[in-house]
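There are 2 protein chains.
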Amino acid sequence: MNREDLYRQIQAKRSMLCVGLDVDYAKMPECIRNLAESGELMFQGQEFRGTARSIVEFNKAIVDATAPHCIAYKPNLAFYECYGIDGMRALDATVDYIRSRYPEIFLIADAKRGDIGNTAKMYARAFFETMDFDAVTVAPYMGADSVTPFLAYKDRWTIVLALTSNASAAQFQMAEKDGRPLYRAVMEEMMGISNPDNMMFVVGATKADKLAEIRSFCPDNFLLVPGVGAQGGSAEEVMQYGANDKGGLLINSSRGILYADNTRDFASVAAEKAAATASF
Amino acid sequence: MNREDLYRQIQAKRSMLCVGLDVDYAKMPECIRNLAESGELMFQGQEFRGTARSIVEFNKAIVDATAPHCIAYKPNLAFYECYGIDGMRALDATVDYIRSRYPEIFLIADAKRGDIGNTAKMYARAFFETMDFDAVTVAPYMGADSVTPFLAYKDRWTIVLALTSNASAAQFQMAEKDGRPLYRAVMEEMMGISNPDNMMFVVGATKADKLAEIRSFCPDNFLLVPGVGAQGGSAEEVMQYGANDKGGLLINSSRGILYADNTRDFASVAAEKAAATASF
Chain A
27 MNREDLYRQI
37 QAKRSMLCVG
47 LDVDYAKMPE
57 CIRNLAESGE
67 LMFQGQEFRG
77 TARSIVEFNK
87 AIVDATAPHC
97 IAYKPNLAFY
107 ECYGIDGMRA
117 LDATVDYIRS
127 RYPEIFLIAD
137 AKRGDIGNTA
147 KMYARAFFET
157 MDFDAVTVAP
167 YMGADSVTPF
177 LAYKDRWTIV
187 LALTSNASAA
197 QFQMAEKDGR
207 PLYRAVMEEM
217 MGISNPDNMM
227 FVVGATKADK
237 LAEIRSFCPD
247 NFLLVPGVGA
257 QGGSAEEVMQ
267 YGANDKGGLL
277 INSSRGILYA
287 DNTRDFASVA
297 AEKAAATASF
Chain B
27 MNREDLYRQI
37 QAKRSMLCVG
47 LDVDYAKMPE
57 CIRNLAESGE
67 LMFQGQEFRG
77 TARSIVEFNK
87 AIVDATAPHC
97 IAYKPNLAFY
107 ECYGIDGMRA
117 LDATVDYIRS
127 RYPEIFLIAD
137 AKRGDIGNTA
147 KMYARAFFET
157 MDFDAVTVAP
167 YMGADSVTPF
177 LAYKDRWTIV
187 LALTSNASAA
197 QFQMAEKDGR
207 PLYRAVMEEM
217 MGISNPDNMM
227 FVVGATKADK
237 LAEIRSFCPD
247 NFLLVPGVGA
257 QGGSAEEVMQ
267 YGANDKGGLL
277 INSSRGILYA
287 DNTRDFASVA
297 AEKAAATASF
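Chains as they are written, first to last, in the working numbering: chain A, 27 to 306; chain B, 27 to 306.
Bound-form chain A, shown alone (with noise of 0.2 Å):
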């Protein structure tokens, strides 16, 4: 997906919102953790039973309720990784749900990968064509020879880690580079290999007041933005220092969405939350 397409969801949705799919079987709802007893569910012409089934039932609500007031889903892959092989047979599934019934969504592997050449290679593989994502986050420690791999694929995005929304974020995040905070160099680092129709930067929403100085050095490029809701960041702050004249943001909420509601009515209750969330 490119950049226009992504700009013209927006507009069409007037939201800007990501949400993310971090499944976690001990906060669903009761009437989706009970499906894990009920026998085998066929879900895009696989059969899932146990936590499996729970994740994809919870997966399909949880898209059908948003998906008219989001642009993007971003899985995080700890919380498929830990169901082991089951669990990445849910993500997959969710995946081709996705891909098949809301074309239009933009899909983020919330992966945050790292490593030499030839095995990012491998990684950008695994995110791009052994499953189907417009883009993988990547954490950017190794440098640049870490990344470019994943820049080889037109239409596809890096989203490199640049200031997170963690407690911890500033421990190493603002070390000192060329008299530049640590984030700061590797955005404008990243810039330079890269341009705006393949790069992305995490830039956590905890940090709202520093969103105005970062547009002043990297005008162009998307934001990803976590942090907002669960975490305590404002998507009204986001939306007014960080938009750009191509929208220029996607702005997460995970847990704040999909757990807002425990009953049988949790998936309403999700999209009222995704409605209310970073649109305007």
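Treat the hints loosely; a few may be bogus.
[What the hints assert, rightly or not] So the derived list for chain A, only partly shown, Cβ under 7 Å to chain B, looks like this:
#1 A104
#2 G110
#3 M114
#4 I142
#5 A165
#6 Y167
#7 A193
#8 Q197
#9 K203
#10 L208
Everything labelled a hint here was simulated from the structure, so no lab data went into it.
Glycine included, every Cβ here is placed at the ideal spot set by N, Cα and C.
Following the hints, put chain B in place on chain A, whose structure we already have.
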């Protein structure tokens, strides 16, 4: 596995070698690639066919040949994820095989994960509970709270990236924090939240001149040293400058052992290479 067990194995085998199981179908000997066309294989109680069959047969042959000459195996997740579910099933079966046949071996998931606390907890579960690895490699960019969830597991290890072996390693790892290069700040601050019984560091062998300096402030922790062999580092130099009184080193070679030969003799050539690498 604890530090004493690891040291005993180093003494018994007189080796500090870790073999990187970076499976790449395109580089495998023809006799192994052909197995993809040879119907199904039962392995560790599961059926494998196609590329997955080649992967498990290759790993089994390499492990059986090299286990007497190494103390650890380190599958890099990228090389399994790129084959999708089949690749992950092959990884699981490989881990089960090593666990059942060679229980003395230290098993490292080279995954380079790194995410916020609640997500890191899921990755720790994935590698230490769902899969049965002794250790996982972790990227430090997001700071201490992305590492601590891994430390909650007794006799499991977190291996934090410090100074890597790739060409662009210095780009961000030599940024400055409080008068120190970033990689040193990472090591010293991670040492502050852990101990030498649950944390190791990745230090690239292509920086062997740095090893003596690293031992001046980090005398006790095991170092996982990639970059020997295909990447150009010298195992002898690494042992000269990096060993300590508990061994202190896991010296990794991947391509230099796995793909040393592409005939039917590949496994015995791999064994010879393994016996000649990082032994003493």
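For each hint, the structure was consulted:
| no. | hint | result |
| --- | --- | --- |
| 1 | A104 | holds (4 Å) |
| 2 | G110 | holds (4 Å) |
| 3 | M114 | holds (6 Å) |
| 4 | I142 | holds (4 Å) |
| 5 | A165 | holds (5 Å) |
| 6 | Y167 | holds (5 Å) |
| 7 | A193 | holds (5 Å) |
| 8 | Q197 | holds (4 Å) |
| 9 | K203 | holds (4 Å) |
| 10 | L208 | holds (5 Å) |
The earlier numbered hints are all upheld by this structure, with none contradicted.
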